[in-house]
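Colleague: Listed here are the chains, written in short residue letters.
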Amino acid sequence: MEALRGAAPHLLEMDRVSKAFLGVPVLHQVSLSLDEGEVLGVVGENGAGKSTLMKILAGIYRPDEGTIKLGSEAFAPHKPRDALNAGIIVVHQELSQFPDQTVAENIFAGGLPRTAVGTVRRGQLMRDARAVLDQVGLDIAPSTRIRSLSLAQRQLVEIGRALSRRARVIVLDEPTATLTSHEVRILVATVARLKKTGVGIIFISHHLEEVFEICDRVTVMRDGYSVETRAVQDWTEETLVRAMVNRPISSFFPKQDIRLGAALLEVENLSSGERFADVSFDVRAGEIYGIAGLVGAGRTEILKTIFGALPMTGGRIRVDGKGYIPRSPRRSLRDGMVLTPEDRKAEGLILPFSIRQNIALSTLKALARWGILSSRAIQRLANASIESLRIRATSASQEVRRLSGGNQQKVVLARAITASPRIFLLDEPTRGVDVGAKVEVYNLIGQLAAKGAAVVIVSSDLLELLGLCDRIGVMRARRMAGEVDRAEFSQDRLMSLAAVG
Amino acid sequence: MSTEEKAEAPANRAAAKGPRFGDFSEIAIVLVFAAIVLYLSLTTSVFLSAANIMAILVATSLIAVVACGQTFVIITGGIDLSSGSVVALSGVITGLVLHAGFPIWASIGAGILVGLACGLFNGLSVTYLNMNPFIVTLAAMSMARGLAFIIPNGQTIFGFDDAFDSIGGGLWTITGIGRAPIAGVISLAALAIGAFVLKKTVFGSEVYSVGGNREAAMIAGIPVRRTQILVYAISGALAGLGGVILTGRLDSAQPIAATGLELNAIAAVVIGGASLFGGRGSMLGTILGVLLIGVINNGLTLHNVEPFWVQFIQGAVIFLAVLFDSLNQKRRGA
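Line by line, the protein sequences give chains A and B. The first sequence finishes on residue 609 if you use our numbering, and the numbering steps up by one all the way, no holes. The second sequence finishes on residue 1406 if you use our numbering, and the numbering steps up by one all the way, no holes.
No lab work stands behind these hints, which were simulated from the structure alone. Please note that the accuracy of each hint is not assured.
What the hints assert, rightly or not - Chain B is faced by these chain A residues, among others (derived, beta-carbon under 8 Å):
hint, residue
1, 225
2, 449
3, 457
4, 458
5, 472
6, 481
7, 597
Unchecked claim - With a cut-off of at most 27 Å between alpha-carbon atoms, the simulated DSSO-like pairs for lysine-lysine come out as follows:
hint, chain 1, residue 1, chain 2, residue 2
8, A, 187, A, 177
9, A, 303, A, 163
10, B, 1271, A, 473
11, A, 187, A, 453
12, A, 559, A, 430
13, A, 453, A, 473
14, A, 177, A, 163
15, A, 453, B, 1272
16, A, 303, A, 453
17, A, 453, B, 1271
18, B, 1272, A, 473
19, A, 163, A, 187
Each residue gets a CB set at the ideal place from its N, CA and C atoms; glycine is no exception.
Produce the entire structure from the sequences given, and follow the hints as far as they go.
Modeller: Structural data, given as structure tokens:
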């Protein structure tokens, strides 16, 4: 098809775009193109550079090298508004809507039709909104409040908003991650309809099934490179997965041989409301148990429920063979369990506080006498942690927000370790961590297991799980879809359990 | 994500190294304070006299006690708008208990307990009922003020023992050193204990953590609810103590007393560098804020500034303090 087009310019062309943050390259000469009425899939593991690339397109970052062309014109957005004006609209996974306003108001927020005296033209607003909703195939009243819509409907409203601004390129950033299968069908149908209007769509997703269904071409990104682009019929699930995760594993994961002890943590038919249901697994002392699955499959929620941060509504937990009912994070910590959350900044760290203060957080009592803190004990603890975890910082009093992602993660882990738990629940322990620090985190996790701890890791990085874990449970649509033993490990197996029906 | 922070790192390395004290805003207050003191001592003859300094200390002691409690609440990211009304209610109760013939210590205890109860009401509402602190304490402000009128039937209660009145306006003679206002000594003690608790104790650390990042504090095993309840309880109890002091100073307990006092106290805390978003603030800052407000008020009186202008200038000072804070935040790249 491309050959036929000959010299006709693409709707969008990103040519050899590179970006580095402080000398750390995250995009290497990435190229992609998009034509009118085309859906381009962009797939890759977390950290492959998809988000950075889209942020460049949206004018949030500026590329260090490379050019972007819109039609035949050069396009170099300096700020998000430039991209908006050029008709490039990114629909993010987390929607920024006004939940208590109507659908119509949300679609036209910032540009409501007005009368001469400045009041809103209700009638026109509703009519315009109706037209937009028809375009995206949403059969709801424009006066409905956003709050009462399902997530899929909200996403369609967001796409409608994009259309109302005369979008030429719409980027859907993981739109299906949190949708039910019925909702996905609606979205797929809408995308098919949009294609006909000549809009170009970039579809970012982990769900290969949908990628195959929606996209015309698929570009695979890996470690900041655009590895390969092919028409969708030239990909198979197997070749696509291989292109996504193909990396040398050997030196990365020094898996140690650890003699496993008795089961430390046993989970049976665990449920938490609508978050997930009927999850069962057990972890033995010295074992590293991985939980794979797509974002939104309920992985984080499992850890939080075991830790007592989310309500447990069904099932049983046994710790050390004895029945256990999680009550609160504080209690769980006291009972020898620790959680390092997926979102370091929101839940793992107090960013404006020093390394020292963050590390001491879970063990304040042990660092005090009669309730009075010993600053020497805290300093000692912090220095020891900085040394043993090789946290790169100017001093223990440096604010954690000044640290790189890898070093921030080490601070979170340091705090977890100082609580001397026997069960570690680690949620995405290497997200946003650069490669060098990743290896250090892996080693550290290995050491914890070697000392007889039971470790549960949730991760979106399949390779990481394959390298680290003894067993991996795979979550799909809020249920455990299967469990794989180390002897049978393969990326394709996990990917197909997680992403394919 | 991580890379974004890396980008900031080198530029701020110097700032990051600095201890908590060298904060821009605290230095700024000290400078402003010094400038005002210098100006007033040059333009008025009485400013530096022992009598005037004593008057400043007495006048600020009430704000100081209330601001001390307020500091705890604000560092957790909360706010206590009920303090002024609680001062009045506690004063009324203290007065009634005295008139009923109970000993002084019992009346003081009753006043503080009433404040503590109000604080617990606020704290429990914020935590277990999951209500917004601003609204809860606004409601409590109205309710406490209402009770201060209802209980004595709108009457002012007056005529107490001199021994009791000395708590508010009396002087304490320390042989060899001189005399100090008792209320000033009490408030200084409260501030000193507060500073110690905040800086040195497990509880103090928990207060900062809850304000710094509530979610993270919870995951890290900090007793978030208990901490929040306690800060409101402390704020309430200190407002109760404030009620006792004020009743002693006025030799009367008035339902209308201390109206708007909470705003002065909150202003002092914010001027002292605390962030209304929580996680930041210090008792030293609060002391500076209280003194600054005290000196400004005193200066306005000495210069016979019209009361309407006094209001305006007090507001402007708060505005400037918050402006400083906002600029400071920007500079930190938050």
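Colleague: Give me the numbers of the hints this structure contradicts, sorted from smallest to largest.
Modeller: 1, 7, 16
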